[in-house]
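2 protein chains.
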Amino acid sequence: MAKPSLPQGTRDFAADVVRKRTYILGAIKNIFERYGFEPLETPAMENLDTLMGKYGEEGDKLIFKILNNGINDPKNIEKSKAGFEKVLEGKSSSDLTERALKYDLTIPFARHVAMNHGKITFPYRRYQVQPVWRADRPQKGRYREFTQCDVDVVGSNALLNEVELCNVYHEVFIQLGLINYELKINSRKILTALATLCGGASKLIDITIAIDKLDKIGLDKVKEELLQRELNEAQISIIEKYLLITGTNEEKLEQITLLLAHIETGKKGIEEITYIYKQASNTNLQIDFTLARGLNYYTGIIFEAKAPAEVKMGSIGGGGRYDDLTGLFDVPGIPGVGISFGVDRIYDVLEELKLFPTEVQAGTTAIFFNMGEKESLFAFSMMQQLRGKGISCELYHEFSKIHKQFSYAEKKKIRYAIIIGSKEMEQNYCLVKDLNTGLQEVVLFEKLFDFFNK
Amino acid sequence: MAKPSLPQGTRDFAADVVRKRTYILGAIKNIFERYGFEPLETPAMENLDTLMGKYGEEGDKLIFKILNNGINDPKNIEKSKAGFEKVLEGKSSSDLTERALKYDLTIPFARHVAMNHGKITFPYRRYQVQPVWRADRPQKGRYREFTQCDVDVVGSNALLNEVELCNVYHEVFIQLGLINYELKINSRKILTALATLCGGASKLIDITIAIDKLDKIGLDKVKEELLQRELNEAQISIIEKYLLITGTNEEKLEQITLLLAHIETGKKGIEEITYIYKQASNTNLQIDFTLARGLNYYTGIIFEAKAPAEVKMGSIGGGGRYDDLTGLFDVPGIPGVGISFGVDRIYDVLEELKLFPTEVQAGTTAIFFNMGEKESLFAFSMMQQLRGKGISCELYHEFSKIHKQFSYAEKKKIRYAIIIGSKEMEQNYCLVKDLNTGLQEVVLFEKLFDFFNK
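If you're matching them up, the sequences are chains A and B in order. So in numbering that gives the first Met the number 0, spot 91 of the first sequence is number 90, and the numbers just go up one at a time. So in numbering that gives the first Met the number 0, spot 269 of the second sequence is number 268, and the numbers just go up one at a time.
Keep in mind that the hints are not guaranteed to be accurate.
The list makes no distinction among identical chains, and a pair is therefore deemed to hold if it is satisfied within one copy or across any two copies.
Straight-line C-alpha distance at most 20 Å; calculated EDC-like pairs for lysine to aspartate or glutamate [stated by the list, open to error]:
| id | residue 1 | residue 2 |
| --- | --- | --- |
| 1 | Lys-139 | Glu-372 |
| 2 | Lys-251 | Glu-223 |
| 3 | Lys-267 | Glu-372 |
| 4 | Lys-412 | Glu-32 |
| 5 | Lys-60 | Glu-97 |
| 6 | Lys-19 | Glu-37 |
| 7 | Lys-240 | Glu-144 |
| 8 | Lys-28 | Glu-309 |
| 9 | Lys-28 | Glu-97 |
| 10 | Lys-277 | Glu-397 |
| 11 | Lys-139 | Glu-249 |
| 12 | Lys-53 | Asp-449 |
| 13 | Lys-311 | Glu-223 |
| 14 | Lys-240 | Asp-219 |
| 15 | Lys-19 | Asp-135 |
| 16 | Lys-240 | Asp-323 |
| 17 | Lys-183 | Glu-144 |
| 18 | Lys-410 | Glu-56 |
No lab work stands behind these hints: they were computed from the structure.
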C-alpha cells in the first residue's frame, strides 16, 4: 500500500509535545477551577443543522461534514442514488450527510445550554477545552484540527464577571511566565456611540470592519476604507480623533469622555470600562479604543490578549460580552461573557521564549540496566518497589551491550541509570549514574528510594 | 428551528461526569507514567486508506467517513457529479471522501510508528487515551463516540513486558478500589497447540471462535458448534478435556502440561505463561485456558480483565501480544504487546459499587454571598486573596435574596458560604456556614485562609 501519511493540516503529538501541551492546559484548567468554573465536554460530532448557518457563508463551507453511515455500502446504493440526485438538484443534502465535526466550542455550548436550560443552575460558569475542526487551507500555524479553550459565565449581566475574566487572563499568563503579555479591552457600546456620532448605528459594522484592520494597514488606509464605505470627511475626522486617543488608561478615559460621554450608549460604555479597569487586579490591562473584534454578536466589553511584544505572534486570546447565547435555539434571555485562550499560539510563544520548565519534559526518572537474566529479575523487584513509592522507572527490556542501554537512556532523556550486576546483588548496593553530570554514586539498596526522593 | 439535539449515540459530559472521568483517567495515566510509558496523541481524522481494510468487512462499514470539503458547495457540483457517479458505479469513492474518523487507537498508532520508525527509540513504550468513533447501532452502554485507553510496548520480544502489563492492570484497579477484579491470562500458543492436536493449525480459528462463546452459550453449545465446524468426536473430546481444566493456577499448569506439553508450541506457551504468572506481583491473576479473544492478530499471551463478580459487567480491559504492528504499512519486524482499559465500563462499575471518592465531585470550595455593592467589592478582594492561595471560590454574581444565594450554593454543591455584611466589614470577621452540617462559625479575616487550609 501507499506510504502512510497524515491528513493535511493534522498532527501527531509525540511525548515531548503532549507534555508541554498538558503543562499549558493544566495551568489554565487549574485557574479556571480556582475561579469556580466547571468543566463541560461535548461530542466531536453535532447534528449538521445545529452548526449550519451559524458561522456565515464562509464558515459553513469550512465545516467538516460526516458521510451518513452506509452511504457507500453496496446494499444502500439504491437509497444513496436518490440522495445523490437530490444533492445534485440542490434540494437537500440530508441523505448524504446529517452530522458534522464541531467548528468551535461556542455553538455546542449554546446547544447544550438550550437543551438543558431547565436543569442548569444559572449563572452557569463553564469551561471547555476540546479540539475543533475547520476545513481551512492549512498553513504555518493554522491547522484543520486544533484545540480551543473557552471559559464563559452565562445567565448573568454582572460586570464583576468581566473583572474576573480579566483576572483569569492575568493569572494564567503570569503562571506561564508571560509577564509582558498585553490585555486590551474596549466596549462595543463605545464603538456604537462612535457610530451614532458618525452617521448612525447602522454604520457600526462598516466602522468596526475598517478599524479592525488598523494594525495591519495603518491609519491612512483605514480612512480610505471608511471613505469607500460612504462615510464623509467630517465623520472620518471624528473617527480619526477617536483612533488617535493615547496615553495612560486614565488619560484615555478622559479623552473618550470628552468625545463620547454625551451620547447615552457612550456614557454607559465608559462607565463599564472604568469599573472593570478599576476593579481588575491586572497590571497588564490596557484600554484600547482601536480594538474592534470582528464578531458581531459582541454587545459589551471586548477583550484581546496579545503575546509579549518581543514575539511576533499577535493575539493569543480574545472574547467579550454577548446578549443572547441561545436565541438561535429558541431559548431567549441568556446573556453572557466569555474569553478563550489560543493554545497552539501560546505553545509557540512559550517555545520561542524558552519558557517551558525543564521538568515538564521529564519522563522516566530512572532506568535499571539489564545485566543478565538473574540480575534483571532482581532489578525488576527493586524497580517495583520504587514505582510503588511513586518514582517513575523502567528496566531495559533485554540483556545487551551496556553502550546500547546507555544510548537508549540518553535518547529517552532518562536522567539516572541504575546498574546492578551480580557483585552488587551480593553486596546490597547499586551504582547510580547521573547521565546529566556523568557522576556515579554507590547507593545501598535500602537508601535507593531516599536517593530519588531527596 | 427544530429543538436542538445530540447525534444518536453521543453524549455531553457535564461537570460531575467530567470530574469522575478525569479521576479514572488520572489514575490510569499516573500508573502509565510511573511505568515509564510515554503519551502519544494522534488526530481524530485519518486518511481513509489508512483505516479501510484493517477491521474486516463489518468494521469498514462502521467507519465514519468525512465528506470531502466543498462537495456540497454549488460551485463544485460539476466536479461532485463525476464523483457521485463514480461512487455509484462502485469504482471509487475518493471524490466523495478521503478522510475518516479513527475507529480505534491501534491502527493510528501503527501508522505513526510506520511513519516515524527511523526516529523512534525502540522499545517504544507508549500510551494513548483518546476518543474513537464507530457507526454502531447505539444501545445501552454502547456509544458512537467513546474513549479508548491503550498502552503498548513495541519493538521488544521480552516477556518482562507482559509481566509489567499484568502489574499495570493490578495497580490501576487496586488504585480505583476494584479489589476483586479478575485478570485472566492465556496464550495463543497454547490454543495453537490445541488446534494442532485437533486436526491441525488450520482449525485454530474455528476453535477460538467456538471457545470464545463459552461464557455466553455454555459447554454443550460450544461442542455443537465445533461439530458444525467439522471437528470430529475425538477432537471435540480433547477440547472438552481442555475446557474442563480447573483448580488453582498451579493445578491448571500441571493439567495443561499433561495435555499439551508434548507439542512444541504448547510447551513454549506453557513456559511463557508460567514465567508471567511467577514474575507478576498480581494476586488477582488467573490462568484461564478458556480465554480465547477473537482478534486473530494476537500470537502470544492474551489478557482479559473482568469487573468484580458482584457487578454484571464482564470485560473491563483486554489485550495481548502481536507479532507485527506495522506490516500492513510495509514496515515489518515490529512485534509488541499491549493492553487497554474500557473507560466507560470502568466508570459504570465504580458508579455501581459507589467507589468514586466524594472529593472527586467537589467543585468550588466556598462561595462569598453578595450582600450589596460595597460589600461585594470587599468580598471580591477577600476572594482574590483566597484564590491566590489555591482555594477555589466564587462570589454570587448579584445582590439578591439570601435564600436564592443559598439555593445556588446547594445546587452547585458548594460546601461553605461566606457572609460579609457591613457589620462584619467593620469588625474584620466573616460568618462561614458549612452547608453540609448547617454549622456557622465566626472567622476573623486574617484566619480565613487557615480555616480552609486546616
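Tell me the numbers of any earlier hints that the structure contravenes, in ascending order. Those not satisfied are hints 1, 2, 7, 8, 9, 11, 12, 13, 15, 16, 17, 18.
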